[in-house]
Amino acid sequence: MFIPFTIGLYYIYITSWTLGFSIFSLLGTYDGLATRQAMGAFLGAYQGVLHNQYFGSVATAYLSYLLTLAFTWFVLLGGVAKGIERLAKTAIPLLFVLGALLVARVLSFGTPDVAHPDWNVSNGLGFVWNPDFSQLTNASIWMAAAGQIFFTLSIGWGIIHTYVSYLREDDDIALTGMSTVGVNEFAEVILGGTIALTAAVAFFGVNGTREIAHGGAFDLGFQAMPVIFQRVPAGNLIGAVWFLLLFFAGITSAVAMAQPMIALLEEGWNVTRTRAVSLVCGGMFVAVQPVIFFQSYGFLDELDYWVGAVALVVFALLEILIFAWIFGIDRGWDEINRGAAVRPPAMFKPVIKYVTPAFLAVILGWWLVTEVPGKLMMEGVSAQARPYVIGARVMMLAILALVWTLVAQASRAWRRPPGGSLR
Amino acid sequence: MTAAGFIFMAASWAAIVALNVFCFAKLWSENHRD
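If you're matching them up, the sequences are chains A and B in order. Quick note on numbering: the working numbering labels position 121 of the first sequence as 121, and the sequence is numbered without any gaps. Quick note on numbering: the working numbering labels position 11 of the second sequence as 11, and the sequence is numbered without any gaps.
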């Protein structure tokens with residue numbers, strides 16, 4: 001409940017950027033902006049971090065957010081649930097086709113700027129793929145990698161629970177899981193890893209790409225993609241479609257992130273669906289305000305670090321311990337194999353029971369010893385930003401306490417004999 | 001890109017494509033068994 005609600009509240013805001021950029025692409029708002037400085041100034045002004053000739057305030061981003069939240073709210077109320085399902089069936093394959101075309105286009109960029117011969121596609125691919133074995137001794141890298149794979153596969157934080165609730169008892173979990181991983185990795189590694197990162201290095205250089213990534217966890221794609229679209233035929237239209245498809249894909253995820261908390265209110269607190277949706281969306285709206293207005297002080301990145309990476313690994317460890325040791329690996333193994341067309345090799349049984357929990361525990365322990373003290377003491381955070389970073393932490397703790405209370409109350413009601421009421 | 005980088009990329013892409021082909025083939029045969 002804690003993770004999907006907290007990620008969901010800023011995820012809807014990030015999703016709203018795709019709506020904004022879809023319209024900008026169609027209108028040609030960012031046409032002619034092809035350098036890191038120019039695209040950085042455009043994105044920064046849109047986010048309200050900078051004030052310049054592109055945007056004088058965060059108002060455009062805020063309007064885009066309101067539209068996105070309203071749309072999410074509407075979908076959650078069931079207004080277009082069937083419609084969004086039909087749309088996703090067309091939109092997601094179309095996104096893949098467009099992605100494959102963009103991969104081909106990016107790989108053909110060569111060296112876009114002869115003044116910077118080392119800014120090229122080969123170095124872009126090298127930036128992603130050249131192994132740097134010295135990083136294997138960096139606990140943060142392991143933590144970020146584990147957080148990334150759990151985030152992207154929706155594991156460990158309630159989203160996958162929303163999706164699997166649609167499965168029947170005899171549905172093939174192993175094959176469904178493998179298919180999910182396969183399609184996800186295709187999108188993330190082959191398409192995503194080739195398009196945005198490679199193009200960013202080709203147009204902004206390795207150092208420029210690093211600076212963008214350090215400047216904001218979500219900025220890279222929004223600075224690199226517009227530059228790519230300016231170099232493809234009918235780029236304005238393709239860019240508009242691309243960002244719009246991402247918007248719809250984002251909405252489907254946002255819906256899944258809101259669902260666990262809505263289900264808790266409905267089932268644990270006997271709140272009607274309409275009221276539960278309004279409470280969750282309203283709560284997200286209130287909590288997102290500092291994310292929007294204090295973004296330049298690192299509020300968003302602080303939330304994303306603790307909830308979007310660290311908490312995912314913590315909860316994933318707890319879940320695998322519950323699955324393998326409390327629910328029991330033998331019962332779990334029966335579940336995995338029930339109705340399975342693909343039977344996982346028996347070696348995965350000890351992997352699930354011993355190797356995975358031990359591996360996650362080691363990463364967590366190592367990170368706790370080497371990284372946490374500096375992170376908690378806000379090393380590298382400017383004095384001006386520190387109150388906002390502390391504010392982000394207080395907000396996370398407040399959400400955690402609220403969720404804890406809601407779950408504790410609901411579980412007391414569930415334990416009560418039939419006929420008893422919660423309030 | 002270094003030779004090691006290219007090998008990493010080629011191996012990863014091949015593994016991902018192979019996994020997708022396998023899963024789609026299995027899903028297809030499961031859904032068209034009758």
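For the record, the hints were derived by calculation from the structure and aren't laboratory data. Do not take every clue at face value.
Said to hold, decoys possible - Below, computed lysine-lysine pairings styled on DSBU-like, alpha-carbon distance capped at 35 Å: (1) A:Lys82 / B:Lys26; (2) B:Lys26 / A:Lys349; (3) B:Lys26 / A:Lys353; (4) A:Lys375 / A:Lys353.
The structure displayed is predicted, hence computed values, not measured ones.
We went through each hint and held it up to the structure:
1. A C-alpha spacing of about 27 Å is found between Lys82 (chain A) and Lys26 (chain B), which places the hinted pair at or below 35 Å, so the restraint holds.
2. With a C-alpha separation of about 22 Å, the suggested pair Lys26 (chain B) and Lys349 (chain A) falls inside the 35 Å cut-off, and the hint holds.
3. Straight-line distance between C-alpha atoms of Lys26 (chain B) and Lys353 (chain A) comes to about 27 Å, which keeps the hinted pair within the 35 Å bound.
4. Taking the CA atoms of Lys375 (chain A) and Lys353 (chain A), the gap is about 31 Å. The hint holds against a cut of 35 Å.
Figure legend: structure checked against the earlier numbered hints; every hint is met.
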